[in-house]
Amino acid sequence: MSLLLFLRGLVGVLVVFAITTYVVTQSLWTTFIQTVICAILLQIGYFAAVLFMVWRSGGKNSRGAASRSDDSIQTTGPEEQPSAKISQLPGVSGSQHP
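All letters in the sequence shown, in the order written, are residues 1 to 98 by the numbering used here.
Everything labelled a hint here was simulated from the structure, so no lab data went into it.
The beta-carbon is built from N, C-alpha and C at its ideal position, and this holds for glycine as well.
Where hints are given, some of them may not hold.
As the list claims (entries may be wrong) - Derived DEER-like restraints, expressed as beta-carbon distance ranges:
id, residue 1, residue 2, range
1, Ala39, Ser2, 25 to 33 Å
2, Ser57, Val23, 37 to 45 Å
3, Gly59, Phe6, 24 to 32 Å
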């Protein structure tokens with residue numbers, strides 16, 4: 001999700017929350033305090049969700065990388081290592097340094 005899309009949604013939710021709170025309480029001060037608390041809770045929830053997704057994907061990647069590196073160690077000896085061929089990227093000029 002892009003930052004602009006996230007911020008647009010966050011501001012939209014906070015505006016709707018603020019309008020609803022003001023209609024119910026008829027107090028600007030209470031509306032402001034409750035909207036700030038709502039914004040803080042939304043940020044905590046967003047941070048926790050991102051942290052959970054990173055934690056969940058980190059376990060899969062580390063296990064997968066470990067098994068791939070074990071396989072490559074067992075099947076590839078020093079005499080069987082493929083030679084690396086470096087090619088020019090399209091649209092990129094060559095290096096000016098020797």
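The hints, checked one at a time:
1. Ala39 / Ser2: 25 to 33 Å: Check failed, 20 Å falls outside 25 to 33 Å.
2. Ser57 / Val23: 37 to 45 Å: At 42 Å between Cβs, range holds.
3. Gly59 / Phe6: 24 to 32 Å: holds (25 Å)
When held up to the earlier numbered hints, the structure conflicts with hint 1 and nothing else.
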